[in-house]
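Engineer: Could you put the whole structure together from the sequences, leaning on the hints where they help?
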Amino acid sequence: MLKTQEYNLNLGPQHPSTHGVFRILLTLDGERVVKAEPIPGYLHRGVEKLAEARTYTQFIPYTDRLDYLAAMLQNWGYVMAVEKLMGIEVPERAEYMRVICGELSRLASHLIAIGTYSMDTGGVTGFELALRERETTMDLLEELTGSRMTLSYARIGGVAADAPEGWLDKVDKFMDKMPAYIDEYDGLIAGNEIFQARTMQVGVIKPETAISYSLSGPNLRGSGVNYDLRKAKPYSVYDRIDFDVPLGTNGDCYDRFYCRLQEMRQIVRILKQAVAQIKEVDGPVIGKVPKVLKPPKGEAYEEIESSKGIIGYYVVSDGSAKPYRIHVRRGSFINLGYLDELLRGVLLADVIAILGSLDIILGEVDC
Amino acid sequence: MAVDNGKQIKTAQKDIWPAEYFGDNPDYKEPPELSRLIHLTTVDKVLNLARGYSIWPLGFGLACCAIEGLMATQDPRYDLSRFGWEVNRGTARQADVMVVCGTVTTKAANFIVRLWEQMTEPKWCMALGGCAISGGPFVDSYHVVPGVNKLIPVDVYVPGCPPRPDAVIEGYLMLQAKILDNRKFLEKYKGKVVTG
Amino acid sequence: MIEDATTLVDELGKKFDYVEVNEQSTVIIPADKLLEFMQALKDDYGMDFLTNETAADYPEENKFEVVYNVSSIENGITIMVKTSVDRDNPELPSVFSVWGGANWQEREIYDLMGVVFTGHPNPKRILLDYDYEGHPLRKDFQWKGGRE
Chain A
1 MLKTQEYNLN LGPQHPSTHG VFRILLTLDG ERVVKAEPIP GYLHRGVEKL AEARTYTQFI
61 PYTDRLDYLA AMLQNWGYVM AVEKLMGIEV PERAEYMRVI CGELSRLASH LIAIGTYSMD
121 TGGVTGFELA LRERETTMDL LEELTGSRMT LSYARIGGVA ADAPEGWLDK VDKFMDKMPA
181 YIDEYDGLIA GNEIFQARTM QVGVIKPETA ISYSLSGPNL RGSGVNYDLR KAKPYSVYDR
241 IDFDVPLGTN GDCYDRFYCR LQEMRQIVRI LKQAVAQIKE VDGPVIGKVP KVLKPPKGEA
301 YEEIESSKGI IGYYVVSDGS AKPYRIHVRR GSFINLGYLD ELLRGVLLAD VIAILGSLDI
361 ILGEVDC
Chain B
1 MAVDNGKQIK TAQKDIWPAE YFGDNPDYKE PPELSRLIHL TTVDKVLNLA RGYSIWPLGF
61 GLACCAIEGL MATQDPRYDL SRFGWEVNRG TARQADVMVV CGTVTTKAAN FIVRLWEQMT
121 EPKWCMALGG CAISGGPFVD SYHVVPGVNK LIPVDVYVPG CPPRPDAVIE GYLMLQAKIL
181 DNRKFLEKYK GKVVTG
Chain C
1 MIEDATTLVD ELGKKFDYVE VNEQSTVIIP ADKLLEFMQA LKDDYGMDFL TNETAADYPE
61 ENKFEVVYNV SSIENGITIM VKTSVDRDNP ELPSVFSVWG GANWQEREIY DLMGVVFTGH
121 PNPKRILLDY DYEGHPLRKD FQWKGGRE
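Residue numbers (UniProt numbering), protein chains in the order written: chain A, 1 to 367; chain B, 1 to 196; chain C, 1 to 148.
Mixed in with the good hints there might be a few duds.
What the hints assert, rightly or not - Think about it this way: if two alpha-carbon atoms lie no more than 25 angstroms apart in a straight line, the pair counts; the simulated BS3-like pairs of lysine-lysine are: (1) C:K33 / C:K14; (2) B:K45 / B:K188; (3) C:K15 / C:K42; (4) C:K82 / A:K233; (5) C:K42 / A:K231; (6) C:K42 / C:K82; (7) C:K139 / C:K124; (8) C:K139 / A:K322; (9) A:K322 / A:K291; (10) A:K49 / C:K82; (11) A:K49 / C:K144; (12) B:K150 / C:K144; (13) C:K42 / A:K233; (14) A:K49 / C:K124; (15) A:K84 / A:K49; (16) B:K150 / A:K49; (17) C:K63 / C:K33; (18) C:K15 / C:K33; (19) A:K272 / A:K170; (20) B:K123 / B:K45; (21) A:K322 / A:K49; (22) C:K139 / C:K63; (23) A:K297 / C:K139; (24) A:K3 / A:K35; (25) A:K206 / C:K42; (26) A:K279 / A:K177; (27) C:K63 / A:K322; (28) A:K35 / C:K124; (29) A:K49 / C:K139; (30) A:K322 / C:K144.
None of these hints come from the bench; they were simulated from the model.
Remember, predicted model here, so these are calculated numbers, not experimental data.
Structural biologist: Here you go:
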C-alpha cells in the first residue's frame with residue numbers, strides 16, 4: 001500500500017474567488033479536505049470602536065462601508081434602531097422611498113451574487129451579463145442619491161431627499177424590461193449542465209442545523225425554512241405590498257443560488273407595486289427631528305432583512321450626542337460559523353462552490 | 001517614504017510603524033532594483049512600448065474600492081479590455097501592477113509586503129481610494145495602517161471614496177504615460193500631481 | 001400559542017422567581033442561572049433562533065453586560081435577555097450547547113471585550129491576531145497610531 005501524508009494548504013488571503021481577504025487553512029489528504037479552519041479578520045477596521053467618537057448622524061456613512069453592495073439596507077437598519085430609541089415617527093412618503101431604494105440595492109446585490117458565482121464555477125460570461133444590469137441600477141441610484149455604491153441615503157427620521165422629476169417612471173420602465181433579463185440568466189447559468197453538476201447535491205444543510213446555527217437569508221430559505229423578516233415581522237410598509245418568499249427543497253448550493261434568482265423576480269413585483277402606491281402619497285420626506293440629536297438614556301435593538309441575511313443594530317445611549325455602544329449583528333459573519341463543519345470531507349473544487357453559495361462579503365464579516 | 005536613489009525599499013522612518021513591526025520576512029534579502037542598475041537606452045524604449053500597452057494587474061481587492069476599481073472597470077460599460085489591461089493574474093509572479101483597493105489593516109500588512117516582493121520587475125503600484133492613500137475614514141482606528149505608502153512605493157494615487165471607474169481608467173492612463181515617459185500627458189496635471 | 005413578546009415576557013416573570021423584567025420588556029437574570037434558563041426557553045417556549053449575542057462595558061458600575069436576543073421562527077417574536085458579570089473576573093458559561101449560532105459570536109466577544117466563556121469548543125481569538133495583547137472595545141483601551 002502507498003503511504004499518504006496530510007498537508008496544509010492556504011486558501012490564502014489573496015485569491016480570485018474568496019470574495020475579498022479571507023483565509024481558510026485547509027488540511028488535505030490528497031484532494032479531500034480533512035480539516036478546515038476559516039480565519040477572518042484581515043479587514044477588521046474597528047468600526048464599533050470608531051462609533052464612540054462620532055455623533056449619531058456621522059455614523060451613517062460607516063454603515064455603508066460594511067456591506068457595500070446593498071448599502072441602503074445597512075443604513076436602514078441603523079436609523080430604525082435610533083428611531084426606536086428616540087421614539088421618532090417617520091412620514092409615509094419617506095417609508096415608500098426607503099422601500100424603493102432598498103429593493104434597488106437588494107437587486108444590485110443579488111446581481112453581483114449571481115454573476116460572481118457563475119465566475120467562480122468557471123463561466124465568465126455570466127459575470128459580464130449580470131454587471132450590465134447592475135450598471136442601469138447604479139445609474140438610477142446615482143440620480144437619486146448622488147453616489148453609485150456607498151449611498152448614505154437614509155437619515156434619522158426619514159430620507160435625505162425626495163425623488164427627482166421623472167425618476168419613478170424610469171424605475172417603472174426598468175422593471176418592465178427586467179423579467180426578460182432574469183429569464184436570460186436562468187437559461188444561461190442555472191440551465192448549464194456543468195454548473196448543475198458542480199452545485200447539485202453539494203454542501204447540503206439540513207433545516208434543523210440551519211436554525212440551530214442561526215443562518216439567515218437565502219442560506220436558511222434554501223433549506224426550506226420559511227423565515228423572511230419582511231413577512232414574519234413586517235416593518236415599514238411591507239404589509240401593504242403583495243409578494244412571495246421563494247423556498248428551496250434540498251438545501252444544496254443550487255437551491256441557495258436559485259432562491260436568489262427567484263428573489264429577483266419578487267423584487268420586480270414589489271417595485272412595481274411601490275411605485276404605483278407612492279403616487280397617491282404626498283408629504284415631507286423627513287419627520288420632526290431636533291437639530292442636535294440627544295437620545296434619552298437606554299438601549300434598542302432592531303433588525304431587518306438584508307440581501308445576505310439578517311442585519312441587526314444594538315444601540316446604547318447615555319444621554320449625550322455620541323453613542324455609548326453600537327453593535328452590528330452581521331449576517332455574513334454568523335453564516336460563516338458553520339463553514340468548518342460544512343467543508344469536512346469534500347473535494348477541493350467543492351470548497352470554492354460552497355464558499356460562493358454562502359454569498360459572504362468581507363466588509364460585513366470583519367466589521 | 002523613498003525609493004532612495006534606487007538602492008533599497010525603506011519603510012517610513014516614523015516610530016509608530018518601524019520596520020521591525022512587521023516581523024521577519026524570509027524572502028526579503030534587500031536586493032537592489034535591477035531596473036535602476038541596468039540601462040538599455042533605445043532597446044528600453046521599444047520594451048517600454050510593449051510594457052505600457054499590456055499592463056496586467058494583480059487580482060487583489062481588499063474592500064469596497066475593489067468593486068468599483070477592479071470589477072466595475074471591467075464590466076461591459078467601462079470596458080478596460082479595449083486598452084489591453086483586463087487580464088487579471090491570480091499569482092503575483094506574473095503581474096505587472098498591484099492595484100491596492102481598500103483599507104490596509106495591520107493584520108494584512110505582512111502579506112501585502114510579501115506579495116510586493118514576489119512580483120517580478122518591472123513593477124508598479126497604484127493606490128486606489130481614500131483608505132489606500134491615507135487611511136480614509138478609518139484613519140484613527142486601532143487596526144488600520146494610514147496609507148499603503150508606509151509599506152510599499154506607490155506610483156499613482158487615485159482619490160475618491162470609491163472613485164468612479166472613469167477615474168480609475170484615468171489613473172491607468174497616467175501610469176501608462178509614466179511608463180512610456182510621455183511628458184506632454186503628465187504636464188497637463190502640473191500643479192495637481194507630482195511627477196517623476 | 002404565544003403571539004406577542006410582552007405576554008411571553010410577563011409569563012416568564014411569573015414562572016421563574018429569579019427573573020426581573022424592566023419597563024422595556026427586557027428580561028434580566030443572574031449569571032449562575034443562565035444555562036438552565038436558556039435551555040428552558042428553547043425547550044418549553046419554542047425559541048429556537050439565537051439572533052444576536054453581544055456585550056457592553058460599564059466601567060463605573062464595574063461590570064460587563066452580556067445581551068442575548070432570542071427569536072422564535074414560527075411565532076415571529078423576539079425578546080432580549082441580559083445578564084451581568086464582574087469586570088475583574090469575567091467568566092460566563094457558553095450557550096453553544098443550546099444554540100450552535102453562539103459559536104463565532106462568543107469568540108468575537110472574547111476577542112474584543114475579554115469575557116471568557118467556559119465550555120466553548122474553540123476559545124481562540126477570531127478577528128485580531130492570535131498573539132494580540134489587550135481587548136480593544138473596553139473603555140480604557142489605549143492605542144498608538146492614527147493621524148499624523
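Engineer: Run every hint past the structure and note whether it holds.
Structural biologist: For each hint, the structure was consulted:
For the hint linking C:K33 to C:K14, the alpha-carbon distance of about 16 angstroms falls within 25 angstroms, and the restraint holds. Proposed proximity of B:K45 and B:K188 is supported: the alpha carbons are some 22 angstroms apart, at most 25 angstroms. Taken as a hint, the C:K15 and C:K42 pair is honoured in the structure, with Cα atoms around 15 angstroms apart against an allowance of 25 angstroms. With a C-alpha separation of about 22 angstroms, the suggested pair C:K82 and A:K233 falls inside the 25 angstroms cut-off, and the hint holds.
At roughly 23 angstroms between alpha-carbon atoms, C:K42 and A:K231 fall within 25 angstroms of each other, so this suggested pair holds. In summary, the hint linking C:K42 to C:K82 is supported, as the alpha carbons are separated by about 16 angstroms, within the 25 angstroms threshold. Pair hint C:K139 plus C:K124 holds up; C-alpha atoms about 22 angstroms apart against a cutoff of 25 angstroms. About 14 angstroms separates the Cα atoms of C:K139 and A:K322, which keeps this hinted pair within 25 angstroms; it holds.
For the suggested pair A:K322 and A:K291, the alpha carbons sit about 14 angstroms apart, so the restraint of at most 25 angstroms is met. With a C-alpha separation of about 22 angstroms, the suggested pair A:K49 and C:K82 falls inside the 25 angstroms cut-off, and the hint holds. A threshold of 25 angstroms between alpha carbons decides the hint, and for A:K49 with C:K144 the separation of about 14 angstroms falls inside it, so the pair holds. Under the criterion of a C-alpha separation no larger than 25 angstroms, the hint pairing B:K150 with C:K144 is consistent with the structure, at around 16 angstroms.
Under the criterion of a C-alpha separation no larger than 25 angstroms, the hint pairing C:K42 with A:K233 is consistent with the structure, at around 20 angstroms. As the CA atoms of A:K49 and C:K124 are separated by approximately 21 angstroms, the hinted pair is consistent with the 25 angstroms bound. Pair hint A:K84 plus A:K49 holds up; C-alpha atoms about 22 angstroms apart against a cutoff of 25 angstroms. About 23 angstroms separates the Cα atoms of B:K150 and A:K49, which keeps this hinted pair within 25 angstroms; it holds.
Note on C:K63 and C:K33: the hinted pairing holds, with a Cα-Cα distance of about 17 angstroms set against a maximum of 25 angstroms. Using a Cα cut-off of 25 angstroms, the hinted pair C:K15 and C:K33 holds, with the two alpha carbons roughly 14 angstroms apart. Between A:K272 and A:K170, the direct Cα distance comes to roughly 11 angstroms. Compliance with the 25 angstroms bound is thereby established for this hinted pair. For a cut-off of 25 angstroms, the pair hint linking B:K123 to B:K45 stands: about 16 angstroms separates their Cα positions.
Distance check on the hinted pair: A:K322 and A:K49 sit about 12 angstroms apart at the alpha-carbon level, within 25 angstroms; holds. Proposed proximity of C:K139 and C:K63 is supported: the alpha carbons are some 12 angstroms apart, at most 25 angstroms. The straight-line distance between the Cα atoms of A:K297 and C:K139 is roughly 18 angstroms, inside the 25 angstroms bound, and the hint therefore holds. Straight-line distance between C-alpha atoms of A:K3 and A:K35 comes to about 19 angstroms, which keeps the hinted pair within the 25 angstroms bound.
Our distance criterion of 25 angstroms between C-alpha atoms is met by A:K206 and C:K42, whose separation comes to about 19 angstroms. Between the alpha carbons of A:K279 and A:K177 the distance comes to roughly 21 angstroms, so the proposed pair stays at or under 25 angstroms and holds. For the proposed pair C:K63 and A:K322, the alpha carbon gap of about 21 angstroms is at most 25 angstroms, so the pair holds. At most 25 angstroms may separate the alpha-carbon atoms for a hinted pair to count; A:K35 and C:K124 meet this at roughly 17 angstroms.
Restraint check for A:K49 and C:K139: the C-alpha separation of about 9 angstroms stays at or below 25 angstroms, so the hint holds. Taken as a hint, the A:K322 and C:K144 pair is honoured in the structure, with Cα atoms around 22 angstroms apart against an allowance of 25 angstroms.
Of the numbered hints stated above, none is contradicted by the structure.
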